[in-house]
Amino acid sequence: MAPHPVIQALIDFSAGAAGGTACVLSGQPFDTVKVKMQTFPSMYRGFIHCFISTFKQVGLGGLYKGATPALLANISENAVLFLSYGLCQDAVRLLLRMDKGAELSDVQKASAGSLASIFSSMAICPTELVKCRLQAMHEMEETGKIAKGQRSTVWSVVKTVLRTNGPLGFYQGLTSTIVREIPGYFCFFGAYEVCRTTFAHHMGTDKDSIGILPLMFSGGFGGACLWLVVYPIDCVKSRIQVYSLGGRQEGFMKTFTGIIRTEGFTALYSGLTPTMIRTFPANGALFLAYEFSRKFMMDTVDVCR
1 MAPHPVIQAL IDFSAGAAGG TACVLSGQPF DTVKVKMQTF PSMYRGFIHC FISTFKQVGL
61 GGLYKGATPA LLANISENAV LFLSYGLCQD AVRLLLRMDK GAELSDVQKA SAGSLASIFS
121 SMAICPTELV KCRLQAMHEM EETGKIAKGQ RSTVWSVVKT VLRTNGPLGF YQGLTSTIVR
181 EIPGYFCFFG AYEVCRTTFA HHMGTDKDSI GILPLMFSGG FGGACLWLVV YPIDCVKSRI
241 QVYSLGGRQE GFMKTFTGII RTEGFTALYS GLTPTMIRTF PANGALFLAY EFSRKFMMDT
301 VDVCR
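In UniProt numbering, the protein residues as written are 1 to 305.
Honestly, the hints are just simulated from the structure, not real lab data. Each hint can be trusted.
Below 27 Å or equal to it, Euclidean Cα-Cα: the simulated DSS-like pairs (lysine-lysine) are: (1) Lys145 to Lys159; (2) Lys207 to Lys295; (3) Lys148 to Lys159; (4) Lys295 to Lys100; (5) Lys145 to Lys254; (6) Lys56 to Lys145; (7) Lys100 to Lys207; (8) Lys148 to Lys56.
Required output: the full structure, derived from the provided sequences and hints.
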């Protein structure tokens with residue numbers, strides 16, 4: 001028997017938050033390198049050069065720059081995402097006139113995940129803006145886009161946004177975020193579910209019993225599919241959020257066409273290497289934490305009833 005809808009929503013929300021925490025702790029250094037390469041591709045020869053340069057300039061802490069807003073971003077995004085994912089699955093069942101609690105196909109789950117991403121975009125945009133600015137602060141100063149010697153803390157960035165653009169300033173890059181998330185999370189949940197189904201078929205078991213390594217691989221595979229599809233959009237989003245620190249930044253389409261015109265199409269894929277390296281441990285950890293914490297809470301609720 002399914003838990004009360006409110007209890008189910010709290011379980012999905014909490015499990016998503018646990019997954020977001022695991023994702024950041026395992027993948028933040030690679031995300032920092034990704035943002036630096038997206039926003040200043042000409043400054044670095046590649047992933048290794050950027051990684052080593054950052055370590056030499058600011059030490060290990062520099063690779064975890066923006067970890068606090070990244071934690072807030074991922075916890076809020078994944079908590080809202082997985083909460084909405086459960087609700088959107090019910091919406092898909094309603095639209096298709098299926099029985100409540102009926103098992104959805106992998107494509108139907110992917111559609112629910114895509115719909116859920118609209119809600120998570122609203123949660124992640126403000127914290128991701130702060131994270132990206134902190135990660136690329138050194139490069140902004142070195143290229144003269146902002147004055148040197150500025151404080152690079154979460155609170156200083158927040159105050160700057162509020163002072164220059166007001167509360168709506170935290171939603172610079174929201175259009176890019178939504179454009180990224182809708183197709184991205186269709187691929188993310190779709191690839192994850194298809195991969196789990198394939199493992200379950202070959203192992204002769206159900207999807208919930210495939211084990212830790214297949215589960216983590218499925219999460220990593222879902223993340224890899226997401227980034228391969230949406231990476232150019234994410235690059236544009238990072239440019240808008242970081243460059244707006246130095247003044248008003250153009251919108252999505254003008255930034256997109258400007259990058260292609262001045263730097264070429266390949267600039268949209270700067271930083272893809274650390275992203276693909278990061279995706280397996282980070283998204284594997286995300287789904288491992290999500291699935292196990294959700295199962296633990298569901299079992300606890302069943303025992304208590």
